[in-house]
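Q: Just so you know, the protein sequences line up as chains A and B, in that order. Residue numbers 1 to 404, in full-length UniProt numbering, belong to the letters of the first sequence in order. Residue numbers 1 to 404, in full-length UniProt numbering, belong to the letters of the second sequence in order.
These aren't lab readings, by the way, just hints derived from the structure by calculation.
Computed list of lysine-lysine pairs in DSSO-like fashion (alpha-carbon distance at most 27 Å, straight line): (1) A:K13 to A:K37; (2) B:K370 to A:K174; (3) B:K157 to A:K370; (4) A:K370 to B:K370; (5) B:K271 to B:K157; (6) B:K174 to A:K370; (7) B:K271 to B:K322.
Computed from a prediction, not measured in an experiment: that's the story for all the values here.
Protein chains: 2
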Amino acid sequence: MSFSLADHEFMAKAIKLAQRGQFTTSPNPNVGCVIVKNNEIIGEGWHKKAGTGHAEVNALVNLTAEQTTDATAYVTLEPCSHFGRTPPCANQLIDANIKRVVVAMLDPNPLVAGKGILLLMQAGVDVKLGLLELDARALNLGFLSRMETKRPFVSVKMASSLDGKSALGNGQSKWITGAEARADVQTYRAKACAILSTATTVIADNAKLNVRAEQLNFSYPFDDVVKEIRQPIKIILDSRGDLDDKHQSELALFDGKESTVSGTSIIIVRKDSDELPASAHNNVSYIQLPYDESANRFDIGALLDWCGKNEINNLWVEAGAKLAASFVEQSLFDQLIVYIAPKIMGMNAQDVMPVGPFDAMEQTIELQLKTLTLLGQDMRLSYVNKSYVNKVAVKAVDIKESEE
Amino acid sequence: MSFSLADHEFMAKAIKLAQRGQFTTSPNPNVGCVIVKNNEIIGEGWHKKAGTGHAEVNALVNLTAEQTTDATAYVTLEPCSHFGRTPPCANQLIDANIKRVVVAMLDPNPLVAGKGILLLMQAGVDVKLGLLELDARALNLGFLSRMETKRPFVSVKMASSLDGKSALGNGQSKWITGAEARADVQTYRAKACAILSTATTVIADNAKLNVRAEQLNFSYPFDDVVKEIRQPIKIILDSRGDLDDKHQSELALFDGKESTVSGTSIIIVRKDSDELPASAHNNVSYIQLPYDESANRFDIGALLDWCGKNEINNLWVEAGAKLAASFVEQSLFDQLIVYIAPKIMGMNAQDVMPVGPFDAMEQTIELQLKTLTLLGQDMRLSYVNKSYVNKVAVKAVDIKESEE
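The shape of chain A in the complex, shown without the other chains:
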């Protein structure tokens, strides 16, 4: 199947539109749509927020039946075929007399994949699939991960000196990286559905773990959306029950006097053998997860299962070296985001990644460099796990006529 240059341009435009939803659509995916007639764009839409119009509907909304008749629609994700929060988009495209629909990728949910396309085909619409599929997948790594693996896309943040240290021997670590790198973290937090940290980190740094919209980095007009940017859920591992009532009233995370995050949800994770306290704050809730006493850590796999069940597409892990190492050692991460500062912290400082020990080079953990970005005097490196390659690979799905 071959696509024209114009097809590529229109789909690229739809992908750009979809990106505008990056801070707001979860748990829904980012989707963009462009309606084209006589080689001109006559309608544009993107999905902004769960419960509001899908991209196709937003692209069609101002168009007359005359305009849409015999037009082409470019959509980054297969139009839906089920009555959910809104009527099925496939039907809306059919009702608008759209002649041709170009789809970047199938719905990742195997139960519905192909159904929207079949609906269109059965109505006589010319459907083409697979244009800029990799780019379309890149829009929704978190959503795809949850659909395909039942677990979120996991990004683990590290901040390191040039010599691989996260703190001095006495625990001092403010500030390893500069202001630009710290602001850069805001964009990752804002894209996340949940931030995972630990009671130790929250108490040591009195961390708010909140999103400051004014520090976000994006390049499109966005004033109306900035207002809607959600604060991610905070999931705090607390194996020792440190986050008691006293701490909850003192810490910025829990709406202390410094906090600007009122109303956001905080999930405190306790051992499944613990007795849970009554919550002192109405935005705090407790969950219990299995704890591995010999390894002295929570069962990360069980945590990721919990996240998947609770519609968390993207998990941003921002804590100390020990938690980061748990994810890396068990290969339960998708990407490492590493900030490296031009500092040497020397002997006895704390290792940024205490995994191992390893006895042979073949045992060491191999990553794959994905991006490299300069932030003032610091660098941001993103590395992907080997398993990531499978997670985001293009999936070929046969489309057959349904046998129902």
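Dock chain B against the given chain A, drawing on the hints supplied.
A: Coordinates of chain B only, in the frame set by chain A:
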């Protein structure tokens, strides 16, 4: 003083010519020269090797007196005024009836700085100084360092995993970085006048420390020069006298059966309290330097003084973490060249930079990021020492008429 756009272009060309000498001119500086008449380049020259023609002479060599009369010469370094290995270039420009000479920078040797320019001015030549001075200085960081500080420009190489480790706990370190990064090292070695390493490294890796011309990275026609690329002197610190006769006949460094470096000089550094053995190889010699028994290391300052006295412009330090840390801890380096591989080597692996320990963030060593280069899956980062800024800063030198 203002220079025209054409002046800038011609000087930039002279600088590009000078760069061709980067692997061959030491202990002399890299110098380029362009002769321009009626806004056209009529002669080009660059210095290739000590004992052969200077840039000005090479630029003039094919030109007639008629051509050079009233021409302008662009030179990256002040023309010499003394009879050395060749006759003074200032006189040759005067003899050629050059009307105007544009000079990027003064001779860095304070004993002769300004003398070439005065000679030209006294002959009625219109001399302009300071065009693209910083670029001209960048050509000759090693030569300038030796002239201005009596010590070489010191580059310390590190190869590290992402988590700041140079070897596993058991010493394994082959290979942390990939083939592209290892080839990249060749270019640094080739630019160096001497490579500094240790007996420990040479024995553990059976390292040749040689330059393989076919792996060098440059972007100009260079076939004739490749043949002339010199093997840097190897300076090997040997505090325990490990490089005895037996090792010398077994190791690749000493023309062992694997070696391709016959004829190059090897300097073995022993403690000044040691009795020196008679050399077993005719390309090996011994020197003695002070040794700090309490810190368990040679006096690096004394080593750098020795290098300066022996016309070593650029010193490339390629050994283990301990030697690199000695340079960094004492701030005796100009740049760190760090290769970072996408690997995690984990706990108990060896720190790449064992300095300190430090008790406060203010004590940690701050570097300045200069360049960032992707090499396959690895990165090369160059960081400069704070003192470097002074070393390469433009030096204002008053030019006065001599009072002799």
